[in-house]
Structures are given as C-alpha cells and as structure tokens.
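Take the two lone chains, each set in its own frame, and fit them into one complex as the hints suggest.
Residue numbers (the working numbering), protein chains in the order written: chain A, 1 to 311; chain B, 312 to 506.
Hints were generated in silico from the structure; no laboratory data involved. Being a predicted model, the structure only gives us computed values, none of them experimental. The beta carbon of each residue, even a glycine, is placed where N, CA and C say it ideally should be. Check each hint, because a few of them may be wrong.
[What the hints assert, rightly or not] Lysine-lysine pairs mimicking DSS-like chemistry, simulated, CA-CA at most 30 Å apart:
(1) LYS238/A - LYS375/B
(2) LYS271/A - LYS386/B
(3) LYS470/B - LYS375/B
(4) LYS300/A - LYS386/B
[To be verified] The calculated label-pair distances, taken between Cβ atoms and stated as ranges, are:
(5) GLY378/B - CYS38/A: 49 to 55 Å
(6) THR387/B - ALA26/A: 26 to 32 Å
(7) ILE104/A - THR387/B: 46 to 52 Å
(8) SER9/A - GLU345/B: 35 to 41 Å
(9) ARG472/B - ARG77/A: 33 to 39 Å
[As the list claims (entries may be wrong)] Partial pick of chain A residues on the chain B-facing surface, computed with a CB cut under 8 Å:
(10) GLN13
(11) LEU72
(12) PHE73
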Amino acid sequence: MAKKGKGCSEYQQDLVLLYYNELPPAEKKALHAHLTECAACRQEQEKWTTIFQNTAPASLDHEWLRQNRQALFYRLRGHVRPAFRQRPVLVWAFQAGVLAVLLIFSFMLGRHERPSDVSAPALNDLFTAGRAVATEIGSMSPFLLGIKKITANPDGTIEISYQMMNDMRIQGRPSEPEVQHILRYAMQNDDAGVRLHAVKATQLLAETPEQVEQTTVAALETILEDEANVGIRLAVIKTFAVFSSTPRIQALLFKTMLHDSSEAVRIQAFKSLTEHEASGELEQYLNSAQADSNVYIRLKSLDLLKRKELL
Amino acid sequence: MEISEREQAEVSLILRAQQGEERAFEELVKRHDESVLRLALSMTGNRCDAQDVYQETFLRAFAKLHGFRFESSFKTWLLRIAANQSINVRRKRRLRSFFPLMTAECESDNAFLFIADDQPDPDDDIRSEEIGREIAAALKRLSDRERSVFCLRHEQQLKLREIAVVLNCAEGTVKNLLFRACRKLRIGLKSFVEE
Chain A
1 MAKKGKGCSE YQQDLVLLYY NELPPAEKKA LHAHLTECAA CRQEQEKWTT
51 IFQNTAPASL DHEWLRQNRQ ALFYRLRGHV RPAFRQRPVL VWAFQAGVLA
101 VLLIFSFMLG RHERPSDVSA PALNDLFTAG RAVATEIGSM SPFLLGIKKI
151 TANPDGTIEI SYQMMNDMRI QGRPSEPEVQ HILRYAMQND DAGVRLHAVK
201 ATQLLAETPE QVEQTTVAAL ETILEDEANV GIRLAVIKTF AVFSSTPRIQ
251 ALLFKTMLHD SSEAVRIQAF KSLTEHEASG ELEQYLNSAQ ADSNVYIRLK
301 SLDLLKRKEL L
Chain B
312 MEISEREQAE VSLILRAQQG EERAFEELVK RHDESVLRLA LSMTGNRCDA
362 QDVYQETFLR AFAKLHGFRF ESSFKTWLLR IAANQSINVR RKRRLRSFFP
412 LMTAECESDN AFLFIADDQP DPDDDIRSEE IGREIAAALK RLSDRERSVF
462 CLRHEQQLKL REIAVVLNCA EGTVKNLLFR ACRKLRIGLK SFVEE
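Next comes chain B alone, as it looks inside the complex (with noise of 0.2 Å):
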C-alpha cells in the first residue's frame, strides 16, 4: 500500500508536534479545523456553542496529543474529541434550560439550510429558509448518539466503520443510529417530501 506525500507529512507533523512543537501542530490545526468546526456547529446546532467546541477540542488534543498512537487517523481522533465535546456542551445546555435566565445568550440557528443557492427566484429563497428551519428542528428531534452518527456520515462523509471508531461502538450499532436518525428526520420532513 502505497504512502500518499500528504500522510507522510501528516505523520512527520504529528511526531514533531508530540515532541513539543507548537508550529507543527498549528499546521495540523489548519489540515482540520475546517472538519472540527463544521462538526461542531451541527452537533451544537449554534454558532456560539461551536465555538467553544472547536477552541476545547483542538487544546485538549494538543494536551493528550503525546497519547495519540497512530491507531486511528489523526482526524478521526480529533473528530471522537470533538464529538465528545459536542455532546457535552449538548448536555449542559439541556440542563441550563432549567434556569432560563442563562440560555439567551446563544439563539438557535441553523447549521443545515436547504442549497438550492443557485437559484435566484425570491420564493425559493423564501422556501430554503423555511426548509431549513424544518430542518434544523427534525434534528433537534434526534438524540445525541444519532445527531453524531447523522453529520459524520452525512456531513463528514466518513464511513460507517470509522464512526464507529470515533464513537468507540460496533458498526452494526452505527448502522441501526443511522437508521433511526433517517427514520426520524424523514417523519419530521414529511410536509416536505410528500408534497
């Protein structure tokens, strides 16, 4: 099996950075922040929460990046933090909602929208934003463990057996999520497909 150019320099960046290095692991930062972030901000569902995300997955990494062995890729690694941390924040949100004076700082907004951009009529965009909305609560809808199952599969692209590496469970588990999470997002569309 052949070593791509791009892995070798990865590696070579990974053991440098485990040596110390910080440049080495700002450059692996900005192999996949990009990932990190688009993650981050479908898990969390808003902008501000995203953000946290992103700042606590990449110094957490760079805290436990001496643990890292080469078992999984390093994106995969960061995407199991970033998961991780997703569902955490997910948590604390759902428990400050008990004290309402704590939740107006970071308004819901959509991190999915319908892409049909390229179309300039008005009303379609008057129907993306709508779509979107629908969107964005047929997800709220799902679980923490299929919300993450969801956007790595479909967002990530990443295949069903590395999300089972990132979320530390059997592809056949992945694969019932999936399913689940299709299910239940296609009941919350239904207005939307049926038309």
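Chain A with its partners taken away, still in its complex shape (with noise of 0.2 Å):
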C-alpha cells in the first residue's frame, strides 16, 4: 500500500522501482497519480529515463563468445586444468623474485629461540572449586563458571559466591524417554548446530517407530512451522522420512510440500511423500505439486502422473 502523505522526495525514490516495474502495484497507481500533478517528478523521470536508456550494454561479440565456447569445450572434453595466462617472462621473474623475499624473510623470522619449558600450574587447582562435591553417581570437583562476590566477615572468614558447571554426559537408546526428553530440550537451544544435530539424532528413532513419543513429533512439528534454518527444517522432513508413514506426518508433509517457503524442503517432502507409491493418496499430492513454482517438483509429479496412469 502506497504510504499516505507521501512528497516528492519519496515519491522520486520509487521512480528507479518504477522504471524497472519493481512497484507494487497501489505504489505504482500512487506515483502515476502523481506525476500528472506534480512537473518537478515528471522531469526526474526523464532524467533517470535518460541514464537507464543510455547505459544498455553494448551488444555481444558473437565471434568472440563462439571462441571462448570452443576453448571452454576443449577444456570440458580433454578435462584439463585450466590454463595460466600468458604472462611476460619478466613478470613471472617479478613475482618469483618477492617469492624468495618472503620465503628468506619468514627463515628468518623463525629463527628464534626455543622458550624453555614452563612447569604448567595445575589448572584444575586454578579452575575447579577445590572441594569436590558428592553428588548421587559419587564425588566430583565442579568448574568454576564464575565469581559472583567475595567478602570479607567481621569474624575473620571470607565469603565467596560463585557458579559453577559440570559438563554431564547422558548416554542411551533414541527410544528411552530420558533421551527423547533431551533431544525435545535441545531441539529450542540457540545454537543452530545443537538444534540441527538434535533433530538428526531423532533419526535414529527409525529402528523402533513404536517408540516414537507423540511429544516429539509435536516438537518436530513445531519446528517445521517455526524454524527459520533451512537445513534444520530440510532434517526435521529426512526424519519424518524415516519414520513409519502414519496419516498424521503424511499430512504434515503433504502441508510442508505446499507452503513451506524453502523450494529445497518443498523438493524434500515432495520425495518423502512419492517415495510410497502405493500410498492411496498419491495422486492428490500429485496434482497439488502440479501448481508448485519449481519446476522440478512440477515435472517429476507429471512424470509420475503418467507413469501411474493417472492422467
């Protein structure tokens, strides 16, 4: 929607919009109207009409793309290694000449004595908490994260608050609850990659599709819906992939091959979803791909259209 109250310095930003047709079509009626009232815009449109018709670029040497053509297929066919460009042999001793420069140079820099040995401190002195902590699998000394405050009591005790962190490792089958409920938790952390890998993890769920929790579809769903990573929403559809084809994830694919923004994951869920072709939907999701903007998506559905005879 063209902005209302909209002046001429605006409205002659939208003229480069215009000239290329770039205009939604209200801003477009907008500045028409416009440039029947107002000469000052007219005349800047003529000014960028100017540039734009006298910068079209010249035309081709036809003779000169045929022989880059030729020596591109010469290149393909014998496949060899592109060829250096010709170079004057006193360029070539130029460069050869600042090589040795730099290679004497850095021989130089490296020639250095060897710092002797250092005995390191003991670092978990430094960066774990001192005193191990019991915990329920045994005692274990926690790292220092952070120091919060430090002070110092009237009865001769110092006071230190501070965090600390233990990495914990959790290891066990994709089908118990516990790993499933880590992978759910991972599966909203902040880092991509950690996001990603949860949902490829859930692949893995493939060998006991009984043991699927309707909570992690749900979170797959979700993030099918809300994730902006293409490549993590392009694992969540593999995953899908892999499980056993029930009605409710057909239909989330089916919905993914037709909304879904990225054309890779649309090309994705279209595979998972003609990967079956006895499904008895098959031909519904193969008609609905026949209005898809890529024309692969819309190709292979037609290939497969007529192959099942459905046409």
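And the structure:
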C-alpha cells in the first residue's frame, strides 16, 4: 500500500523501481497519479529514463563468444586444468623474486630461541572449586564458571559466591524417554548447530518407530512451522521420511510441500511423499504438486502421474 | 502451472549432465553462456578478465553439477557462480594494482556503450564514445555488490527476488543496493543528465 502523505523526495525514490517495473500495483498507481500533477517529478523521471536508456549494454561480440565456447569445450572434453594466462617473463621473474624474499624473511623470523618449558600450573586447582562435591554418582570437582561476590566477614572468614558448572553426559537408546526428553529440550537451543544435531539424532528412532513419543513428533512439527533455518527444516523432513508413514506425518509432509517457502524443503517433502508409490493419497499429492512454482517438482509429479496412469 | 517444453528439456539436460554426459552439459552451456559472458564483461569491465570468469564459471559448474538440486533455475545458479567469480577477479585485480608490472596485460575497456548506433552522424559517434567512457568511469565507483545488483537487474533483466537468490541476501538488501548504485551512477553522469 502506498503510504499516506508521501512527499516528492519519496516519490522520486520510487522512480527507479517504476522504471524496472518492481513497484507494487498500489504504489505504482499512486506514483502515476502524482506524476500527472507534479512537473518536477516528471522531469526527474525523464532524467532517470535518459540514464537508464543510455547505459544499455553494448551488443556482445558473437565471434568472441564462439571462441570462448570452443576453448571451454576443449577443456571440458580433455579435462585439462585451466591454462595459466600468458605473462611476460619479466612478471614471472618479479613474482619469483617477491616469493624468494618472503621465504627468506619468514625463515629469519622463525630463527628464534625456543622458550624453555615452564612448569604448567595445576590447571584443575586453578579452575575447579577445589572442594569435591558429593553427588548421586560419586564425588566430583565442579568447574568454576564465575565469581559473583567475595566478602570478608567480621569473624575473619571469607565468603565467596561463585557459579559452577560441570559437563554431564548421558548415553542411551533413542527410544528411552530421558534421551527423547533431552533431545526435545535441545531442539529449543539458541545454537542452530545443537538444534540440527538434535533433529538428526531423532532419525535413529526409525529402528523403533513404535517408541516415538507423540511429544517428539509435536516438537518436530513445531520446528517445521517455526524454524527459520532451512537446513534444520530439511533435517525434520528427512526424519519424518524414515519414520513409519502415519497419517499425521503424511499430512505434515503434504502441508510442507504446499506451503514451505524453501524450494529445497518442498522438494524433499515431495520426494518423501511420493517415495511410497502405493500410497492411497498419491494422486492428490501429485495433482497439488502441479501448481508448485518449482519446475523440478512440476515435472517429476507430471512424470509420476503419467507413469501411474493417473492422468 | 504449465511446464514449457524448454523447461522440460532443460531439466532433462541437467539430469543427463549430472550423470556425467558431457554433451548434455555442452548443450546447457550453449543455452546460457551468452548471459554469463555478458555479466562477466560488465562486472569485470574488460574482456581479458571476462573470459577468465566465463571459463571458471562453467568449469566450476561442471564440477559441482551433482550438487545442483533444482532449488533455483539453472541460469540463476550459473549467474551466482559467475557473479562470485567476477567479484573474486576484481578483488585480485585490486591487489595486483599494488604491483604495477602485473596490471599492464589487461586494459580496461568499456563494457557499456552509448546505444544511439542507428544515427549515422559522426558527431554522435564521438559523443557515444565520450558517454561510454563516462559510464564506465561511473560504474567503477560502484562497490562490487552494487555493481552486481545493477548488472543483474539492468542488463540480465532479473527480478529483484531472483537477484536476492543469486547474491544470497534479502530482497530488501537488493533494493537498497540498487538505489545506491543508481544514485552513484546518476552523480557520475551528472554532466550528461543536466545538459
């Protein structure tokens, strides 16, 4: 929609987009209406038109194009490495000289005395809280994450408030509820890499599809709808492809094939949906795919329709 | 949405080329190499670099063809490689400019020319050359990304959303770059426009 109260300077900015026919219809209409009334903007439009018309590219020399094409085909057929451009001997000599100077310089730089080994302090003593903490699985030395406050008390003691952190490791089958729980938690992580690995890990659930918790499917569904990262959405589709083909998953894949903004994700959803050609819904999927903006999806769906004699 | 015969043939050529059929790839080259060479010429500003970009673009495309997944059109994919190659060549050229011995081999020539060729008046020819030089000088003032956007929109006639795919950035960014490029060109060609 055109903004209300646009001034000449704003309209003049739109002139570039008008020339390239990139203005939305409403703004185009508003600009045309303004141009009929404003002589200054009309003059501005003429100036832009003059510039654009006169910066048209020169016609390409077709003989030169043919020569380039021939050289390329020669290289493609022979699989030869790109030939180095011919350079005068003087240039090669100069480059070799610069290289030699750099080599000598770096050699001289490297000739310094190796420092004697310094006995490394006990890092654990420096960075752990020092005192072991008893836990359910035994005692451990927690790592210090940060010191919050140090207070000298009147009784002569020192009080230190600190945060500590320890890496934990859990190992188990993907079918175990604890593992799935942590994977779902990881799917909300700020780090896209962690989210991606969490989704990929769920692909291992294909071995025991009956153990897939509905909450896990719901978490994957949420990712498919909300995740901005295309790679992660692709991983979700691949996960669904290895799960047993339940109506819910089929419906999710179909929805993705119809509405996802990424062509890569739509292609993957299309492949997953049409993988099992015995599916009762195949005709519906293929017909819907015919309306896709991606030529590959349209062509493949048409091929399948013909092959399955559904046309 | 209908599939044109040309699109259908192109997908089939790509699939065959992905299987390693060189003839199919050559057919794809013939379909798109004019666009690639034109872009390379206007991006680099001289024939010498343009032909390097042309060769490198198709050799890279051939090497990476198995990774093409039809997420964009083949032409858009090629132009993305060509634009990146051109930017690399321009960067190298700027570096080479610190070593005067290495820059003599490729003289810059005007990729853009005044197109009033149908007027036989010799004065017009001189004027055309003059304007051609002015345009080349104005284009030199554009940054690599501004130049890419301008060339892709103005010369290759790509829509802004297609340019966004080629340059792997948001459509809004492309719009801003186009504005900036046009404004710089306008300033560079002030004497010509204000006449």
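Cross-check of the supplied hints:
no. : hint                            : result
1   : LYS238/A - LYS375/B             : holds, 23 Å
2   : LYS271/A - LYS386/B             : holds, 24 Å
3   : LYS470/B - LYS375/B             : holds, 25 Å
4   : LYS300/A - LYS386/B             : holds, 20 Å
5   : GLY378/B - CYS38/A: 49 to 55 Å  : holds, 51 Å
6   : THR387/B - ALA26/A: 26 to 32 Å  : holds, 28 Å
7   : ILE104/A - THR387/B: 46 to 52 Å : holds, 48 Å
8   : SER9/A - GLU345/B: 35 to 41 Å   : holds, 39 Å
9   : ARG472/B - ARG77/A: 33 to 39 Å  : holds, 37 Å
10  : GLN13                           : holds, 7 Å
11  : LEU72                           : holds, 5 Å
12  : PHE73                           : holds, 6 Å
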